Amino acid sequence: GQNIDQPTEMTATEGAIVQINCTYQTSGFNGLFWYQQHAGEAPTFLSYNVLDGLEEKGRFSSFLSRSKGYSYLLLKELQMKDSASYLCAVSSGAGSYQLTFGKGTKLSVIP
Amino acid sequence: EAGVAQSPRYKIIEKRQSVAFWCNPISGHATLYWYQQILGQGPKLLIQFQNNGVVDDSQLPKDRFSAERLKGVDSTLKIQPAKLEDSAVYLCASSEAGGPGDEQFFGPGTRLTVL
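Heads up: the protein sequence lines correspond to chains A and B, in order. Under this note's numbering, the first sequence has 44 at position 21, and the numbering climbs by one with no breaks. Under this note's numbering, the second sequence has 504 at position 21, and the numbering climbs by one with no breaks.
The set of hints was computed from the structure by calculation and includes no laboratory data. No experiment lies behind these values; they were computed from the predicted model shown. In this text, a Cβ means the ideal position worked out from N, Cα and C, and glycines have one as well.
If you anchor each label on the Cβ, the simulated ranges turn out as follows: (1) B:Asp546 <-> A:Glu64: 30 to 36 Å; (2) A:Glu78 <-> B:Lys566: 37 to 43 Å; (3) A:Thr67 <-> B:Gln500: 28 to 34 Å.
Whenever a hint applies, use it, and build me the whole structure from the sequences.
In structure tokens:
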């Protein structure tokens with residue numbers, strides 16, 4: 024089975040940096056996704072990590088350690104519009120591939 | 484490029500009634516997914532199609548839920564009869580080929596309330 028853990032809620036200040044952690048236990052791991060979901064909207068893709076290390080994309084970076092079953096999403100220069108839920112999702116399987124999502128971390132950015 | 488379309492956006496029904504949701508994926512996408520997202524949780528995969536064949540329906544409550552993807556394009560998800568615990572947002576997503584790193588594109592979802 025799959026088990027994915029991430030904090031339920033976080034609060035950070037506009038302009039600051041925040042790190043959202045995700046730990047997972049899974050079989051048949053292929054890679055790890057991060058999605059952003061604003062309230063009442065569909066999830067949108069942020070990043071995908073398949074190898075260990077840091078992937079940087081503008082203000083957002085994502086890190087993966089396969090041996091530790093650990094990932095984090097780093098958001099820099101926080102803006103009010105970054106207030107959203109951030110979903111960690113593990114890709115697993117062979118032949119056909121499925122995503123298993125964590126419960127999401129609700130980030131509130133305050134002035 | 485048009486995104487994933489879903490309808491209706493909202494539906495309110497009473498328990499034991501039936502309901503159907505429709506999804507039109509991004510043109511050319513071979514893989515289509517239906518997810519259930521209960522408030523405060525992440526999406527849970529219900530069923531995954533590759534073209535018009537089912538590749539995973541292990542979490543679909545088959546006694547009440549059914550889905551089809553005729554001709555490998557549009558898809559319909561049906562619940563019959565509905566229960567109170569089916570209240571959730573039903574998200575449809577599609578990806579180009581269903582590979583392990585393929586980005587999934589989500590539709591706006593259908594918010595179902597069962598009274």
